[in-house]
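> So the protein sequences, as listed, match chains A and B. Following my numbering, the numbering of the first sequence begins with 1 at its first residue and continues without gaps. Following my numbering, the numbering of the second sequence begins with 283 at its first residue and continues without gaps.
Derived by calculation from the structure, the hints in this document are not laboratory data. Errors might be hidden in some of the hints.
[Said to hold, decoys possible] Looking from chain A toward chain B, a few residues come up when the C-beta cut is under 8 Å (computed):
| id | residue |
| --- | --- |
| 1 | 75 |
| 2 | 79 |
| 3 | 82 |
| 4 | 125 |
| 5 | 136 |
| 6 | 142 |
| 7 | 146 |
| 8 | 250 |
| 9 | 251 |
From the three backbone atoms N, C-alpha and C, an ideal C-beta is built for every residue, glycine too.
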Amino acid sequence: MTGRKEGMTKRRTESTWEELAKESVPLSPSWYALVRPRVFLKIASTLLPITVTVTAFLFAIGLYLSLIASPADYQQGEAVRIMYVHVPASWMALFVYAFLALMSFFALVWRHSLAEIFAISAAPIGMVFTSLSLLTGALWGKPMWGTFWEWDARLTSVFILFLLYGAYWILYKTYSRRAAAYCALVGAFNLPIVKGSVDWWNTLHQPASVAKIGAPSLHATMLTPLLVMAGAYFFYFMSVFILRAQTELRRRKVVAQRHCERSEAPQSRSPRSLAMARRDML
Amino acid sequence: MSFSTPHLIYIVGAYALSVLGLVGLLGWAFSCARTEHEA
Chain A
1 MTGRKEGMTK
11 RRTESTWEEL
21 AKESVPLSPS
31 WYALVRPRVF
41 LKIASTLLPI
51 TVTVTAFLFA
61 IGLYLSLIAS
71 PADYQQGEAV
81 RIMYVHVPAS
91 WMALFVYAFL
101 ALMSFFALVW
111 RHSLAEIFAI
121 SAAPIGMVFT
131 SLSLLTGALW
141 GKPMWGTFWE
151 WDARLTSVFI
161 LFLLYGAYWI
171 LYKTYSRRAA
181 AYCALVGAFN
191 LPIVKGSVDW
201 WNTLHQPASV
211 AKIGAPSLHA
221 TMLTPLLVMA
231 GAYFFYFMSV
241 FILRAQTELR
251 RRKVVAQRHC
261 ERSEAPQSRS
271 PRSLAMARRD
281 ML
Chain B
283 MSFSTPHLIY
293 IVGAYALSVL
303 GLVGLLGWAF
313 SCARTEHEA
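Just chain A, with the same shape it has in the complex:
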């Protein structure tokens, strides 16, 4: 009687799991198959030369348009040319952080090793974009506002973004990967603040002129070099990101192999080393 009951419970549990597996979108095999490290490496090796070529091409055109072909602004004069390196860096700083937060979310929820690799590969690139945004913004601010720095809402929120990138990197490298992922997720609340800061508060920084409701307030002669430079920055990100992700994947493979070799020796077969090997094994 007890055996029959156990058998029924087992069958019910199995069928429940099967139903759950069918319903569960994130665990579907097709979803996971697309993001396997081997598949990524295959796609990345094909994609990298293309992204590098497109980056070089777009930078060549973008620099020509922004430094030579575009006109000076009637108010800002020639200093408007700083916009062509400042604005794409700012857009990419926000985009890369959104990507970092999304990958951290995937890493926390599905514990997919590639998501974690994508997040840590994107972080230093985003940090450089944020630094460039702050530095080029300061160099534009001096001739236009008369000051390199002002603690207004936009500048402060971008500075917080820079600190968040730094916090993510430090936590990942020195403390724990999970803590870094949580930090990236919590920091994502700063993104709408950066975007909305110029509309919500009275700031020294001008409001949005391209990404806004209605037509952009920039003339085509200035909008074109800006968009070309933004494209160049995006493909630059793609190139460095692929390169970093490939490197991180290879590094983890080497680490996992070393752990496995060491764990084969009986004296060093500790549960911690086996757990680390399992975690890093791809």
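Position chain B relative to chain A; hints supplied.
Chain B only, in chain A's frame:
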């Protein structure tokens, strides 16, 4: 183009920093990739 001298400093500074940052990051990524490949 007629750049006024003070603006020229800021424009050159901004572009030089951008090139330095982007090329530096690319160089770092390549050096890491090479070191890992050798390892």
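> Run the structure past the numbered hints and jot down the numbers of the failing ones, going up.
Numbers 1, 7, in rising order.
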